[in-house]
Each structure stands twice: as C-alpha cells, then as structure tokens.
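Colleague: Chain residues, written in single-letter form:
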Amino acid sequence: MAQKLVVIGAGMASGRMLENLFEQAPDAFEVTLFGAEPRGNYNRIMLSPVLAGEKTYEQIVTHDADWYSANGVDCRFGETVTKIDREKKVVTTVKGETSYDKLVVATGSAPFMIPVAGRDLPGVRAFRDLDDVEAMVIAAAKPEAKAVVIGGGLLGLEAAAALRLRGMEVVVLHLMGHLMERQLDPTAGYLLQKELEGRGIKIHCKAQTKAILGNEHVEAVLLEDGTVYPADLVVMAVGIRPETRIATDAGLHVERGIIVDDSMISSDPDIIAIGECVEHANVCYGLVAPLYDMAKVATKTLLGEQAAFLPEETPTKLKVTGVDLYSLGDFAEGEDREEIVLRDAMAGIYKRIILKDNRIIGTVLFGETADGAWFNDLKKKATDISEMRDTLIFGQAFQGGTSADPLAAVAALADDAEICGCNGVCKGKITGAITAKGLTSLDDVRAHTKASASCGTCTPLVEKLMVLTLGDSYNPAATQPICSCTTLGHDEVRRLIKAKGLKTIPAVMQELEWKTSCGCAKCRPALNYYLVADWPDEYADDYQSRFINERVHANIQKDGTYSVVPRMWGGVTSAKELRAIADVVDKFEIPTVKVTGGQRIDMLGIRKEDLPAVWADLGKAGFVSGHAYAKGLRTVKTCVGTDWCRFGTQDSTGLGIRIEKFMWGSWTPAKVKMAVSGCPRNCAEATCKDVGVICVDSGYEIHFAGAAGLDIKGTEVLGLVKTEDEALEVIVALVQMYREQARYLERIYKWAKRIGPDEIKRQVLEDVVRRREYFDRFVFSQKFAQVDPWSERVSGKDKHEFQPMATVPFQQAAE
Amino acid sequence: MAWFEIGSIDDIPLRGARCVATPQGRIGVFRTADDQVYAIEDHCPHKGGPLSQGIVHGASVTCPLHNWVFSLETGQAQGADEGAVRTIPVRLMEGRISLGLGVAQIAAE
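Top to bottom, those sequences are chains A and B.
Sequence positions in the first sequence follow the working numbering and run 449 to 1263.
Sequence positions in the second sequence follow the working numbering and run 29 to 137.
Honestly, the hints are just simulated from the structure, not real lab data.
Some clues are possibly wrong.
To be verified - For each label pair, taking beta carbons as the anchor points, the in silico distance ranges come out as:
| hint | chain 1 | residue 1 | chain 2 | residue 2 | range |
| --- | --- | --- | --- | --- | --- |
| 1 | B | Asp39 | A | Phe560 | 19 to 27 Å |
| 2 | B | Asp39 | A | Ala821 | 35 to 43 Å |
| 3 | B | Asp39 | A | Gly843 | 36 to 44 Å |
| 4 | A | Ile493 | B | Ala108 | 46 to 54 Å |
| 5 | B | Ile37 | A | Lys804 | 22 to 30 Å |
| 6 | B | Pro117 | A | Lys543 | 48 to 56 Å |
| 7 | A | Ala821 | B | Ala108 | 38 to 46 Å |
| 8 | A | Ile493 | B | Met121 | 27 to 35 Å |
| 9 | B | Glu122 | A | Glu1037 | 38 to 46 Å |
| 10 | B | Gly128 | A | Lys1006 | 25 to 33 Å |
Heads up, the beta-carbon is just placed ideally off N, CA and C, and yes, glycines get one too.
Sequences are here, hints too, so could you generate the full structure?
Modeller: Structure follows, in structure tokens:
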C-alpha cells in the first residue's frame, strides 16, 4: 500500500522533487501538497521577465492543474499549514488535520524587510511572488510613476531594470559601495552601474535608508544623509531569510535554517527538508541549482536509496536583457593567488580569472560571458592551465597569441575628444592633419595643429595618435608609466581623465585598462588627487586612497604618534592663541613644542586617540588645521612690512594673510609653500619658495619655482603687477595651472622646468582671459575644499580612525 | 588558542584597517576591497611603523613610514625588502570578526 506523503510548500524545490518521484516510483506515495500561494508551482526565477513584460505568467507555470491531477496529487493551495504534530504524525490547517508517514518541509524563504518606519505602508512590496509582481505592474501603469528599489543585489537590480522597462522612474538604493558586492568586484560593479545608468536608472550606493515616508500610501524614501526620493512604489530586495517558523514550533533542530544531514533528513527521521528553508553544513542556499540537487537527493531518500547532497558553487548571472554578467567562485585576492585581467575599454569588457596553483578558483566576466561555462568547467575539473596560461583569458576559441594593445585606449577615443587642453585641439583634428598634410614628426604636428605645442603634457597622447595613424614608421619616445599597474604615464592619465570624463577610480582603472584590480599605494593616491582636482564638485574623495597623514589630518611620527600644527595666518599670533596652545600642551602632556620653519607652532608626540580632543580645544580658541600634512597649501610666511618695518614698501603681512585665507584647504600635486617679503631685503625668504612675492615701491614682484629642500634653487621671476588684487589673481591662476597639469608629487619647480617658465608666464600673466579662467576654476573648487577637517572630525567624522576597534583585556585573555 | 570577538566587519572601512589592543601589543585588522579580513601584528619589522595605518591594496598593505609592502596573508615583506610580521588567525562568521589569540601569547608578559 502507498505511503502517505505530505509536502508543505509548493515551490521549485518540492516541485522538482515530485517530478523525480513520479518518474521513478509513480505509485510509492499518496501525495498531499500544501501551498501558501493560491496557485501551483511556477518558475520563480522567471518573475523578472514577467515583471518586465517579456513573458506572461502562463509561460512560466511549471506544473498546471492537469499535471497534478494526472499524478493524483491532492492540491491544497492557499491553505497554510499552522502546525506539525510529530507525535501523532499529522499536520494542521484551518480545515483540519492531515496525517503523514513521511513529511517534506519546503517552506522556502521570506523576504527580509528592513526595520524602518513606514515599511508597512501600502505601496511597499517585496519581490518574491506573483502577487508582488502584479502589484508592481499596477503601480507602474500610473503615468510618471516613481519607484525606489532598496537593495542593489541580483533581485533588486532585476526589479529595477524591469520597472524601468515599464516606464517608471527608478532609483536603486544600495547600502554597500558597489552593486552586487557579493558576486562582483568593484570594477565589474562599476561597469554594471554604468550600464544601468545608461538605461536611465539612478543608482545611489552607500545609501542608508532611514525611513519610508507617507500617510495613507508610500510617498517617499528618506536616507540617513537627508536625501529624499519621491516614490509611488518601494521594492524591498535586501535579502531573504529561511522560512522556518513551523519547523521551530514543531521542535525540529533549526539554526539559520532547518538543519539537515547529507540525505536531507531533519532532526526527525520522518521529516525531510529541502530548498531555501534548510541549512546544510552551515550554509543556506538561494540559487536554484543547489535546490534541484537537494530535490534529487530527497527523492532517493524517500525511496530508501542512498544519496548525499554535495554542494557545488553556482555561477551568478543577472537576468536583465542585454546585460552580460557572470560571476563564479572565489574572487578575493591573496598571496597564494594570481589573477589574469583583460580589459577592453571600447567594448566595455572586463574579464578576471583568479588562479591558485595554476588552477582556476574564480571568474568575473562582464560584457562578454560566452566563455563562462568553459572557465567553470576548467574550475570544476581543477585543470592545470599552465600550458595555456598566456591565452587563457581570451577564451576557448582563441588559438595562437597576441599581446595586449597599448594603443587601444587612445584608439577608443571619439574624434571630438580633446587631446590638447591648452590649445583646444581634438583627436580628429590631429589625425586629420597627419593624413591630409602628410605629417611625420612631432614638430610638424605641433606646427600644424598646435597640439602639445604649449605645456606639452599631452605629448605622449599626440605621439600615440601618430603611431595609430602612421603605423610602425613612427617611433615615439618612451613614457614612464605611473607604476606597474599601467602602461600609461601621469600626463596621459590626466588628459584621458578629462577627455573621457572619468569620475571615479574604478572608472579610470576600467577605461584605461589597468592591469590590477584595485591599484597600488603608488597609483591610487595619484588618481585620487587627479579626480579631486578635475571634478571638485562631482568626485567623492576616496579616503582609503590617501596616505595616513591626509586621512587623519596630522603628521605621523617615527613612533606612531602624531604632530599637530594649527594655522597661524601669515605667521601672526596673539596672547590668546598662545595661551590656548599652552593649555592644550599641559592638558594632553604633549612632550615637544617646536617653532616650524613656516612661522607656526608644532606640537609633537600626540597619541592618535587624543587627536579629536586636541582639535576640539584648539578649535574653541579659533584655530583650524594648518594642513602641515597635506599635498596642499601649507604656509604663507611673511615679514612685518609697512606695519612696523622702516624699510617696508607694502603691507606684506596683510597680503600674506589674504593669500593664505583665500587658498587654504586646496589640494595640490605636491606641497605648496609661499612667502611674502615687504622689501627686496627679503626677510621672509620668498625667493626659495614655490611661490613668493617681493614687495617693491612700484608694486609686487611675483616669483615662483624656487626650492630649498633636496634641491636648492632660486625662484624665477614671473612678473611685476601693480595692485594687491592683481597679485592675488596671478598667484591663484599660477597655482591652478599647476593643479591642472602637474604630475602627482611633482613640486612647482620641477613642473615649471618641464613646461618652461615662458609658457607659464604667457598663460597666467600675459593672457588675462586665460588667467581669469584659471582663477575662476580655483574659486569654484574652493567651494568644496575650504572645510576645516579638524572641526569635521571633532563633530564625529571618521570616528573609526581614532579609536581601536576593540581591546582584549588581561583578565579575559587569561581564561 | 582562544577566539575573541572584536566586532563587525562593517566597523572597518573597505580597503582599510583598524587596530585592536591586546596584552601583547597592537594587532592590525584589515578589510580588503573584496571583504576578506586579515590580522597581522601592527608593527613593521623595519622601524616599527603602525601597519594598520597604511594603504591597503589587493591583499597587501604599504607601511606608512617607509613604504615597505607586506602580504596580509603570509606577513612576508614583498619586493626587495626582507622581513615578516606575525599573522593572527581570523574567523569571520556572519559578519562578526574573531581573532585567535594563543594562550602562550596571552600569558607572555
């Protein structure tokens, strides 16, 4: 006689198990199937195409009424099982009890709803079943409807893309720094974001939801940072958790999920559990492939055969039409691991293979995923790839070998991309002139197009264009790459950041085909500076790409303590300020106080944990950060000028203070030190500074490009101006030109030597229109830069930098 | 060896580090771009620099004092420099980080 089998949950796992069961032993069991949804089994992973309108519900039904009746299944859809009585071996619903010999629990998972105010408002949905999809389709039908999707993982992005296809305005809020961070590395996350933004979806990463707003119905979503996104529909797709309540109530062993052994048997030998509700060997599963494997094992167990569930890693793919994405296995970096990276900026392709002992352990593919299955196969078989290592990344079909093309990034530029910023020359004009006029040398190109004829920083790019146009007959001078992560030099990278509008570090690394996945300590600070300088309003400073001094706004010393130098404008101080410093020194027992070469006071030997408290006290006395740690404006040294000195010709102290107050806070390629002397006796030593002013009776003589460090060099004279206003404008323009053109860590004197003092003079002194443009760009960037970093940190910014994460005490440790 | 829970992975910035004070001195706990967590002694063998304050790139860190680079996995200095720092076992479970501190190390005073 057939045994009685009761199944709780009519989803994909139990559906597959029943299929297997009826195939292998059609008469072994009398089956009763309970399901919470008022319908039978459908292909839940195809809900995204249904939401997008690319498929209908009927197309994704797996088992229809005929199938159930043909197999004699007693279907009890819409009837929720409320209790399992293991003693009596019955399950209870509102309609009464049903007895079983064997019970299969396949209750799946429930969407995790983040616990914020307003989450119960009408219009807030999960993305889990057909009811959710129907509600979303109705919401999308309203003209100009807006949707906010919380969660930038697989499910959230599929929902977002589908809702966008239905014409909604869609915003995706994602807590982490890049999309799908569990499956993708930052580069692939960047490419995915770019692709989705191209479809009109707004992506907001690092978004912490504070509340869902609305009275009768959802109206908006509020973030912790104060941003408000209006919404007619909110889709919560932040994760799932195993639905285990009924199993817990029945006294089964439940941790995160229902605990099962290798044969899918729970802690009760007559109860089997499969699907998303189970936990096997500390792992819960959410993708369909392992669930199907569980179904296969459960079938055998029910039939009394031996079987064991062997978990296998499943590749992730995004079901958004037109997005090719593939992620498999372990893509973390590590000492014993090697990686092969292929980037093709023009085609938007990124491929990364992670190797350990010459075997593939992980793969991330974006833009071209055809070889995913092949890589997966090599990984599964643990094939030794050393033979085909050089060509592995090109895929299975690839035969023979070519090396990566260093010209690809330049070739990919559009004809209207600006190559030479000084003279406004675009790529098309240069390549056109080379062909039309038969130009063969760099000088010819400069003569005919003016490209690279001014400051010369775009020379390597112009030369690459010549190679592209003329072929191997042109042999450019070699450029020194920034570091071993790239073949490009600083100048090329700077120009390409502007020409291609690259605004994040992952964007630069992808579009310029970086050879490593996240750069190194050489290139990251450089890129961070270039992006801060070029996109002051749009770029979000990456603190993790700054050296420790700029991260904690103090100078690290040899013993790991810090020194602190507050700003003393123009080197002028007062009794009140000195008293405040004395109090701070006493209070924090600061071991050394020293007068610096830049006319201010340095407090040395401060413990990192004390920094915010030191700054708070200094802040109360009116001090702000002196940026003594920064690649930025340091000091403006002055003499007392006409205020006191019998030789003084101008108010040198006043001008110095004015310059310092105007320019503090700006980031520069390397440190910038200035000085203003009130007469040619030059007591402020202005003629060995990055920028100096010597006041004379007839006005202000502006100097630049001095050095008094590793190299000693007197300044060059830029020129004489008549008024203080004019002096300020010229100095600001000079520094802005330097900010826009110099290489990271290159002081003004080295930059000036490269560009030529005459060219600089022409641009910031003689050409008054250009001078004004430089000045205006500096003023614009100061809007975002002139924030006192100390007071920000006193108010709690970057708290984690100043406190140990934890302290392991002696007592606890002794146990 | 005993495990001590020190906090959540979210307490450490991505591509960043925090330090933990223990009876034998400070330990740097690092989080890489792909959410791997490593712990090493927070003391560069060259001149004692606090490695937890360096720039994290890949599974390596660059010392803030003189730019020595260490593998976070093995503790070995990279490139031409020779030396190593002690690595400390790390356990990451559901976002919580624990350090494995040896009894011998703990008793050493």
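Colleague: Determine for every hint whether it applies to the structure shown.
Modeller: Each hint, compared with the structure:
1. Checking the proposed 19 to 27 Å range against Asp39 (chain B) and Phe560 (chain A) shows it holds: the Cβ atoms sit about 22 Å from each other.
2. Taking 35 to 43 Å as the suggested C-beta distance range, the pair Asp39 (chain B) and Ala821 (chain A) conforms, at roughly 39 Å.
3. The hinted range of 36 to 44 Å is satisfied by Asp39 (chain B) and Gly843 (chain A), whose Cβ atoms lie roughly 41 Å apart.
4. Ile493 (chain A) and Ala108 (chain B) have their C-beta atoms about 52 Å apart, which keeps the hinted 46 to 54 Å range intact.
5. Evaluation of the 22 to 30 Å hint for Ile37 (chain B) and Lys804 (chain A) yields a pass: the beta carbon distance comes to about 23 Å.
6. A C-beta distance of roughly 55 Å is found between Pro117 (chain B) and Lys543 (chain A), which places it inside the suggested range of 48 to 56 Å.
7. In this structure the hint that Ala821 (chain A) and Ala108 (chain B) lie 38 to 46 Å apart at CB holds, the actual value being about 42 Å.
8. Ile493 (chain A) and Met121 (chain B) have their C-beta atoms about 29 Å apart, which keeps the hinted 27 to 35 Å range intact.
9. For the pair Glu122 (chain B) and Glu1037 (chain A), the supplied restraint of 38 to 46 Å holds, since their beta-carbon distance comes to about 42 Å.
10. The supplied range of 25 to 33 Å is met by Gly128 (chain B) and Lys1006 (chain A), whose beta-carbon atoms lie about 31 Å from each other.
The earlier numbered hints are all upheld by this structure, with none contradicted.
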